[in-house]
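Visitor: Chains as they are written, first to last, in the working numbering: chain A, 1 to 307; chain B, 1 to 307; chain C, 1 to 254; chain D, 1 to 254; chain E, 1 to 341.
Honestly, the hints are just simulated from the structure, not real lab data.
What you are looking at is a predicted structure, and each value in this text was computed from that prediction instead of being measured.
For glycine and all other residues, C-beta sits at the position ideal for the given N, C-alpha and C.
Accuracy of the hints is not assured; some may be wrong.
Claimed, not checked - Derived pair list, reagent style EDC-like, types lysine to aspartate or glutamate, alpha-carbon separation capped at 16 angstroms:
1) Lys217/A to Asp75/D
2) Lys61/B to Glu147/A
3) Lys126/C to Glu103/D
4) Lys298/E to Asp317/E
5) Lys144/A to Asp58/B
6) Lys209/B to Asp75/C
7) Lys254/E to Asp107/B
8) Lys15/C to Asp67/A
9) Lys144/B to Asp67/A
10) Lys104/C to Asp152/C
11) Lys255/E to Glu147/B
12) Lys126/D to Asp75/C
13) Lys120/C to Asp175/C
14) Lys217/B to Asp75/C
15) Lys224/A to Glu93/D
16) Lys129/D to Glu125/C
17) Lys209/A to Asp75/D
18) Lys144/A to Asp67/B
19) Lys128/E to Glu90/E
20) Lys126/D to Glu183/C
21) Lys224/B to Glu93/C
22) Lys125/E to Asp147/E
23) Lys91/E to Glu102/A
24) Lys15/D to Asp58/B
25) Lys129/C to Asp75/D
26) Lys63/D to Asp75/D
27) Lys144/B to Asp58/A
28) Lys217/B to Glu103/C
29) Lys126/C to Asp212/D
30) Lys113/C to Glu125/C
31) Lys254/E to Glu110/B
32) Lys217/A to Asp8/D
33) Lys61/A to Glu110/B
34) Lys255/E to Asp107/B
As the list claims (entries may be wrong) - What the simulated footprint calls covered on chain A by chain E, stretch by stretch (three residues with Cβ under 8 angstroms from a Cβ of chain E suffice, anywhere in the stretch; the number is not a length):
35) 15-26
36) 163-175
37) 191-203
38) 267-273
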Amino acid sequence: MKNVIDRYSITTIFFGIISIALITFFPSQETDSGLSTKLFFSALLIGYLYFTILYKNDYVKKRATSDITIIIFLLLVLWELLTQKLGVLSTFLYPSLHAVIEQFKADGIELFIHLSASIKLLASGVFLAIILGIPLGIYAAMNKRLEFVLRPIANVLSPIPPIVWIPYAVAILPSFQASSTFIIFIGAFWPIFINTLNGVTNIDQRYIKSAQTLGLKPWTMIRKIIFPASLPSIFTGIQVGLILSFILLTAAEMIGSSAGIGYYVKLATDYGNYAKVITGIIFIGFIVTIIMTVFNKLENYLLRWRN
Amino acid sequence: MKNVIDRYSITTIFFGIISIALITFFPSQETDSGLSTKLFFSALLIGYLYFTILYKNDYVKKRATSDITIIIFLLLVLWELLTQKLGVLSTFLYPSLHAVIEQFKADGIELFIHLSASIKLLASGVFLAIILGIPLGIYAAMNKRLEFVLRPIANVLSPIPPIVWIPYAVAILPSFQASSTFIIFIGAFWPIFINTLNGVTNIDQRYIKSAQTLGLKPWTMIRKIIFPASLPSIFTGIQVGLILSFILLTAAEMIGSSAGIGYYVKLATDYGNYAKVITGIIFIGFIVTIIMTVFNKLENYLLRWRN
Amino acid sequence: MSTITFEDINVVYEKTEHYALKNLNLEIQSGQIVSLIGPSGCGKSTTLNLASGLLKPTSGHVKINGQEITGPGLDRGVVFQSYSLFPWMTVLENITFALQQKEKERKEIITKKAAEILKKVGLNEKVQKSFPSQLSGGMQQRVAIARMFVLDAPVFLMDEPFSAVDEITRNQLQDLLLKLWEEGETKKTVLVVTHNIDEAIFLSDRVVVLRDGQIQQDILIPFKRPRDRFKIDQEEAYTKIRHDLLKAVSGEYN
Amino acid sequence: MSTITFEDINVVYEKTEHYALKNLNLEIQSGQIVSLIGPSGCGKSTTLNLASGLLKPTSGHVKINGQEITGPGLDRGVVFQSYSLFPWMTVLENITFALQQKEKERKEIITKKAAEILKKVGLNEKVQKSFPSQLSGGMQQRVAIARMFVLDAPVFLMDEPFSAVDEITRNQLQDLLLKLWEEGETKKTVLVVTHNIDEAIFLSDRVVVLRDGQIQQDILIPFKRPRDRFKIDQEEAYTKIRHDLLKAVSGEYN
Amino acid sequence: TETTSTSNQAESQQQTENNEQTLVDFAIGHLPTTGHSLYYIAKEEGFFEEEGLNAIFHPFSNSGEGITAVTAGKLDVGTFGTPAPLTFEEKGAKIVFLGGQMGTGAGVVSKPDLAEDLRDIQNFKGKKIATVKLATGDVVLRGALYDAGIDYEKDLKIIEMNSPADVIVAVKKGEVDAGVVWAPFVEKAKQEGLEIVKYSQEYYENHVCCRIIADETRFDENYTNYVKFLKAIIKAERFEKDEKNKEKVIADIKKYVDVDPQIIEKDIYGGYVDQSADPNKKAILQMRDTMVDIGYLKDDKDISPSIRTEAYKEALDQLLNEEPNDPFYQSLLKRFEENNL
Ligand SMILES: Nc1ncnc2c1ncn2[C@@H]1O[C@H](COP(=O)(O)OP(=O)(O)OP(=O)(O)O)[C@@H](O)[C@H]1O
Ligand SMILES: Nc1ncnc2c1ncn2[C@@H]1O[C@H](COP(=O)(O)OP(=O)(O)OP(=O)(O)O)[C@@H](O)[C@H]1O
Ligand SMILES: [Mg+2]
Ligand SMILES: [Mg+2]
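My request is simple: use the sequences and hints to build the entire structure.
Guide: Pasting the structure below:
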């Protein structure tokens with residue numbers, strides 16, 4: 001118990017209660033903040049308590065959870081004050097918290113349907129980028145001639161906005177789905193390829209030499225030495241590739257489809273429905289956090305040999 | 001002389017001459033390939049010879065130049081054959097080489113004016129990202145509490161498509177120019193920040209320990225140890241940031257401005273003027289190659305201590 | 001005046017349950033040269049890291065002149081087991097950079113001092129402009145030693161400093177160490193890890209034998225200084241001490 | 001049968017104009033143990049790297065049984081100066097992985113073999129599951145030695161293999177080396193770099209002294225095997241050889 | 001030389017100061033298209049200056065961003081289609097519609113062998129049609145389908161694309177049967193061997209496309225400037241409609257919209273794009289009704305108060321005051337009454 005209740009958790013709980021009181025009792029401009037907002041704040045507080053108990057023996061994580069929770073409360077209260085309570089910000093660009101929560105409730109199932117479309121698209125695009133980018137990167141790094149040809153090509157092609165490829169993708173590829181996948185693929189490919197190439201090039205020569213004396217077959221060399229040694233860099237590449245593919249999601253999902261979380265946001269932007277835009281962004285942020293957490297856990301496990 | 005004329009240069013020159021012959025004597029579908037195309041091919045060949053002589057003592061670079069030149073010739077001839085010569089591809093999406101060269105000639109000066117606007121925008125955005133991202137990354141890595149707060153925030157915010165910030169940037173920032181700069185900035189910021197953070201976190205502890213025994217003041221520690229030790233990673237971050245900022249250029253330059261190379265391409269896309277689109281892309285590719293070459297040279301010089 | 005005291009030290013590395021040091025009590029008096037020997041993995045480097053302030057004990061106190069050590073500092077020079085030069089600085093820069101932390105001198109003076117100490121450890125001018133990655137292992141180690149020597153701290157902490165160099169160079173470096181130890185108003189306090197028993201005897205006032213994170217033996221070396229390394233090994237006491245140490249060290253394998 | 005021959009070798013590292021090896025001619029006969037000694041930076045590691053096939057000479061030929069060496073291979077085991085274990089494998093995996101390259105055995109047999117050799121170099125079971133970064137310097141070095149020993153190649157190339165371990169362990173490892181050397185049908189060919197003159201004499205059939213990339217001296221060691229390290233140093237020949245070697249090595253500083 | 005250069009500098013400085021005294025900055029947001037020609041003509045022919053305005057153009061590629069800029073007070077006026085501002089208005093953006101710029105101008109294109117068939121709207125059933133969502137043509141087509149009793153969600157498949165260029169590619173490749181595009185892509189599609197099934201005005205006569213919008217408070221506070229602005233635009237319309245200015249008009253537009261002069265001519269004088277400054281309140285309301293029909297908007301309020309025709313009327317009155325006998329202005333007055341009252 002002493003592990004759970006410390007000065008961080010007390011401050012945070014205090015903050016949470018003050019926040020709930022503020023949105024409840026501060027007079028609203030137009031409508032009331034709504035029950036949903038209060039429930040949401042309470043849920044946040046309960047979520048915080050859950051993590052505090054979960055991390056009860058890890059001081060650093062506990063403190064971080066507390067810090068982040070306070071920041072979230074601060075931002076939310078500020079948002080609510082400026083929109084709903086004081087009406088300083090236009091409700092057009094800055095929908096009230098209440099409106100966003102209502103939007104969430106209204107679009108809940110729709111969002112998950114969109115999500116599944118996006119995940120399918122992302123998974124296939126990024127997967128393609130990984131299974132092409134990593135082997136090609138390793139192969140190019142091991143074959144200087146290829147490297148000297150591919151590096152300048154990568155330098156020229158990688159910064160070209162992937163959206164300019166869209167008409168060509170539509171013209172050449174068999175289906176809209178394939179075109180969308182291609183746009184995601186091309187965004188994720190370059191960082192994965194370049195980072196693999198650089199990672200392999202920068203492997204500490206001692207490991208390579210040491211491996212050579214064992215007379216490894218090329219395939220064993222790649223699988224057991226080159227791949228694990230360049231794995232830290234490959235992970236960075238995949239991370240950047242993932243970020244880029246998220247960024248391209250909106251563009252990719254506007255190619256002849258009407259599903260996907262990027263489509264949802266883009267459409268909302270075009271319609272000036274900012275409650276929807278913010279709902280979409282928060283949802284994306286949430287999903288991305290989950291994906292990145294899993295990804296980082298995997299990374300930490302696979303790279304546990306680093307000190 | 002023996003250094004210049006080897007089997008690579010002979011193959012390449014042979015290829016170049018065949019290409020010129022092909023576009024000259026192969027019957028065209030509509031108009032002739034035009035003098036400019038032939039001159040362009042010849043210029044390419046002369047450019048190749050220049051680099052071969054320049055690199056006459058560097059076998060690897062010479063071979064790479066030759067490989068790349070042959071690839072370029074192949075692509076160009078294929079392009080010309082499929083468009084101008086055989087008319088297989090539609091001239092709407094695939095303008096003939098001749099049309100692109102003519103476009104270049106027509107828009108030459110304009111392109112450079114656009115370029116200077118883009119460079120200004122890129123420079124200010126990326127510069128801001130560098131002077132904020134690197135110190136913040138270093139500071140966060142040295143202060144675990146801050147790191148544990150900023151890392152999840154970065155994980156959530158970095159994959160949000162920078163374009164969704166545009167309306168808010170337009171609403172909040174004082175000018176369109178500032179909004180454009182902000183979009184470039186936000187694109188370049190995250191990779192620089194995250195890579196700096198990771199770079200500092202992954203510094204070999206031996207260097208830190210060694211430095212600590214010298215009783216360094218924090219500022220010296222940062223400047224002389226932490227910064228150079230994480231420089232390889234910081235450079236990767238800047239490289240990715242640059243790529244992202246190029247990708248965002250089109251979006252950023254369409255915020256109430258009418259200058260910039262991204263604007264040029266986007267406008268051409270909107271008008272369906274693909275000769276212009278391709279001209280713009282090739283021009284961007286050219287500029288990016290120059291920027292990246294300078295950047296890599298700087299990187300190699302500053303990191304020359306790596307073996 | 002720099003007495004180092006270890007009081008009831010326990011060290012357990014993260015994620016292991018193994019005691020790297022267990023209930024260690026040790027005092028190194030000011031001006032003494034103390035060698036730490038023992039089988040590899042017995043906790044020598046760990047002990048040195050405690051004295052340098054780079055490692056905090058899991059429990060117990062490490063003090064210098066009665067003051068608890070809170071972190072590393074310029075009052076204690078350190079040579080690490082694996083030569084920890086900064087790879088982005090040339091050999092000369094590695095030295096001048098360290099010197100600049102200690103004294104605010106003009107650049108030329110610092111460079112001159114650095115070049116001198118490098119020459120003393122046997123590295124010529126051509127080597128000074130190289131990056132560490134261009135040097136052989138022994139050369140890198142000598143640069144690390146030079147870097148510590150030039151700082152002239154009242155305490156020297158050295159982890160197998162001479163293990164990567166040939167016998168002649170090693171002898172010269174030992175002589176240099178002893179010369180620097182005596183120089184100045186008060187003698188330096190030196191804690192040196194070695195696995196060479198002869199070296200331990202030749203250099204030290206006391207030799208401490210560690211085993212499994214505990215002190216196995218703490219032996220006084222009675223020979224007068226200056227010592228002649230080719231003479232003391234003829235003395236009777238030497239053979240006895242050497243024998244004792246060997247026995248203490250080899251206990252592990254019986 | 002594995003005779004190694006160096007013919008008119010010159011080595012100049014990229015970007016330097018300095019000859020790391022200059023006109024070197026050397027033959028190491030099959031079954032011989034040859035030590036390379038000399039001041040640090042004299043080219044010992046360079047010579048070893050040539051024999052391992054990891055470095056190509058700028059000019060000249062390195063041959064094994066008259067066949068030019070084109071690259072590294074399982075016919076030559078190598079221990080590097082800086083322990084080059086794979087940090088992403090545990091200690092045990094480092095050994096089993098190497099073994100798997102040589103023989104297609106069942107997993108348990110390989111693991112058993114690996115555990116045995118690790119015990120022989122003094123590393124217990126708990127250590128076997130650690131990653132290299134969790135070990136002390138000497139322990140890592142012993143893993144590297146174990147990895148070479150277990151491969152049982154006809155040629156051993158070792159670069160300061162015992163410099164990071166204490167005297168007792170060193171003696172044990174030396175004995176192990178000699179045992180493995182004699183084992184099997186034909187004796188192994190061993191080229192070992194050391195900076196310990198006593199070690200060189202105790203182990204070798206011949207000691208080659210390098211200086212500035214050239215052979216300074218090539219001395220035959222006449223003592224019969226098996227040798228007793230505590231007896232041969234009492235012999236007259238020993239003192240003379242030791243003196244000669246010392247003089248040869250120290251030439252640099254006169 | 002130094003003194004002359006400084007005096008030159010002083011002189012030019014004074015000049016700009018003079019300009020600033022007389023000319024009021026007026027920020028105009030637009031989409032770079034031939035359809036927004038009145039702005040270009042007014043600028044190039046000096047009509048803005050005549051009215052004391054210093055027009056500054058800000059092109060956007062995305063209507064959402066442009067409308068946001070208007071509501072954020074970064075633009076005095078903007079022209080970003082009609083459906084987009086209507087949806088923004090519904091979402092609470094405080095904007096007013098004060099004038100017009102372009103009407104009609106979209107078209108449905110298909111491969112030649114299908115075109116004849118598709119002229120009968122009933123034949124859209126079971127087809128795949130590519131559109132760019134929220135474009136005027138998209139609303140028009142869906143509206144026409146609705147009116148013809150076709151459910152665009154069930155009876156056919158509408159596929160949304162990023163841009164008209166993508167639409168053309170998709171149609172050409174046979175990925176879809178037909179597509180909705182707008183100027184200048186209607187002409188481009190023809191060049192690409194596609195055929196025009198119908199122009200948009202064949203579905204809805206005189207439907208509006210791009211309306212001039214402004215922020216409500218800004219409009220009220222700077223009302224006189226808006227009148228001046230509209231006067232310049234009306235003058236531009238008169239200039240444009242005068243056939244003898246054709247070459248000049250095309251040259252003026254070419255400065256801002258870099259497409260083939262032939263396409264400009266086709267767009268401006270070809271009859272399928274209507275260039276008019278009239279707010280056309282009725283057509284806006286009709287467009288809104290269509291959007292309600294097809295489910296884009298809710299039928300929950302009257303937007304008439306947001307359509308502020310008074311500035312246009314006042315501008316027209318002032319012009320008629322200045323040139324009472326101008327037949328063109330007189331015709332505009334008549335048109336205004338037909339379209340707005
Ligand atoms: N990678 C390299 N680049 C440039 N010069 C090098 C490199 N490696 C070694 N040298 C130089 O070559 C010479 C011989 O080096 P080598 O490593 O063979 O010495 P060594 O005899 O093994 O020394 P030590 O006993 O210190 O390990 C030295 O002068 C060294 O500076
Ligand atoms: N970073 C670490 N993580 C986990 N265990 C460690 C770590 N460093 C050292 N150890 C363990 O602590 C014990 C003592 O290690 P230490 O490095 O002090 O040995 P040492 O006496 O210096 O040995 P050597 O002579 O081989 O350098 C060893 O069992 C080692 O495995
Ligand atoms: Mg140690
Ligand atoms: Mg060496």
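Visitor: With reference to the structure, classify each hint as holding or not holding.
Guide: Results for each hint:
Straight-line distance between C-alpha atoms of Lys217/A and Asp75/D comes to about 14 angstroms, which keeps the hinted pair within the 16 angstroms bound. Among the hinted pairs, Lys61/B with Glu147/A is consistent with the structure: their alpha-carbon atoms are about 11 angstroms apart, no more than 16 angstroms. For the hint pairing Lys126/C with Glu103/D, the CA-to-CA distance comes to about 47 angstroms; that exceeds 16 angstroms, so the pair is violated. Between the alpha carbons of Lys298/E and Asp317/E the distance comes to roughly 36 angstroms, so the proposed pair goes past 16 angstroms and is violated.
For the suggested pair Lys144/A and Asp58/B, the alpha carbons sit about 13 angstroms apart, so the restraint of at most 16 angstroms is met. Between Lys209/B and Asp75/C the CA atoms are separated by roughly 15 angstroms; this keeps the pair inside 16 angstroms, and the hint holds. The hinted pair formed by Lys254/E and Asp107/B meets the criterion: a straight-line CA distance of about 14 angstroms does not exceed 16 angstroms. Distance restraint check for Lys15/C and Asp67/A: the Cα-Cα separation of roughly 27 angstroms exceeds the 16 angstroms cut-off, and the hinted pair is therefore not satisfied.
Between Lys144/B and Asp67/A the alpha-carbon distance is near 12 angstroms, which keeps this suggested pair within the 16 angstroms criterion. At roughly 15 angstroms between alpha-carbon atoms, Lys104/C and Asp152/C fall within 16 angstroms of each other, so this suggested pair holds. The suggested pairing of Lys255/E with Glu147/B is violated, with an alpha-carbon distance near 52 angstroms, which exceeds 16 angstroms. Note on Lys126/D and Asp75/C: the hinted pairing is violated, with a Cα-Cα distance of about 38 angstroms set against a maximum of 16 angstroms.
At roughly 11 angstroms between alpha-carbon atoms, Lys120/C and Asp175/C fall within 16 angstroms of each other, so this suggested pair holds. For the suggested pair Lys217/B and Asp75/C, the alpha carbons sit about 14 angstroms apart, so the restraint of at most 16 angstroms is met. For the hint linking Lys224/A to Glu93/D, the alpha-carbon distance of about 11 angstroms falls within 16 angstroms, and the restraint holds. Taken as a hint, the Lys129/D and Glu125/C pair is broken in the structure, with Cα atoms around 46 angstroms apart against an allowance of 16 angstroms.
Using a Cα cut-off of 16 angstroms, the hinted pair Lys209/A and Asp75/D holds, with the two alpha carbons roughly 15 angstroms apart. The straight-line distance between the Cα atoms of Lys144/A and Asp67/B is roughly 12 angstroms, inside the 16 angstroms bound, and the hint therefore holds. Under the criterion of a C-alpha separation no larger than 16 angstroms, the hint pairing Lys128/E with Glu90/E is inconsistent with the structure, at around 30 angstroms. Distance check on the hinted pair: Lys126/D and Glu183/C sit about 46 angstroms apart at the alpha-carbon level, beyond 16 angstroms; violated.
For the hint pairing Lys224/B with Glu93/C, the CA-to-CA distance comes to about 11 angstroms; that is within 16 angstroms, so the pair holds. A threshold of 16 angstroms between alpha carbons decides the hint, and for Lys125/E with Asp147/E the separation of about 14 angstroms falls inside it, so the pair holds. With a CA separation close to 15 angstroms, the supplied pair Lys91/E and Glu102/A stays within the 16 angstroms bound. In summary, the hint linking Lys15/D to Asp58/B is supported, as the alpha carbons are separated by about 14 angstroms, within the 16 angstroms threshold.
Only pairs whose Cα atoms come within 16 angstroms are accepted, and Lys129/C paired with Asp75/D is rejected, the gap being roughly 39 angstroms. Distance hint between Lys63/D and Asp75/D is fulfilled; the C-alpha atoms sit about 13 angstroms from each other, no more than 16 angstroms. The hinted pair formed by Lys144/B and Asp58/A meets the criterion: a straight-line CA distance of about 13 angstroms does not exceed 16 angstroms. At roughly 13 angstroms between alpha-carbon atoms, Lys217/B and Glu103/C fall within 16 angstroms of each other, so this suggested pair holds.
Of the pairs offered as hints, the one joining Lys126/C and Asp212/D holds, with about 14 angstroms between alpha carbons and a cut-off of 16 angstroms not exceeded. With a CA separation close to 13 angstroms, the supplied pair Lys113/C and Glu125/C stays within the 16 angstroms bound. At roughly 15 angstroms between alpha-carbon atoms, Lys254/E and Glu110/B fall within 16 angstroms of each other, so this suggested pair holds. Straight-line distance between C-alpha atoms of Lys217/A and Asp8/D comes to about 32 angstroms, which puts the hinted pair past the 16 angstroms bound.
The hinted pair formed by Lys61/A and Glu110/B fails the criterion: a straight-line CA distance of about 55 angstroms is larger than 16 angstroms. With a CA separation close to 13 angstroms, the supplied pair Lys255/E and Asp107/B stays within the 16 angstroms bound. Counting residues of the region 15-26 of chain A whose C-beta lies closer than 8 angstroms to any C-beta of chain E gives 0; at least three are required, and the coverage claim is violated. A count of 6 residues in the region 163-175 of chain A with a Cβ less than 8 angstroms from any Cβ of chain E is obtained; the coverage claim is therefore met, three being the minimum.
For the region 191-203 of chain A, the assignment as covered by chain E is violated, since 0 residues bring a beta-carbon within under 8 angstroms of that chain's beta-carbons and 3 are needed. For the region 267-273 of chain A, the assignment as covered by chain E holds, since 6 residues bring a beta-carbon within under 8 angstroms of that chain's beta-carbons and 3 suffice.
Consistency with the previously given hints fails for numbers 3, 4, 8, 11, 12, 16, 19, 20, 25, 32, 33, 35 and 37, ordered from lowest to highest.
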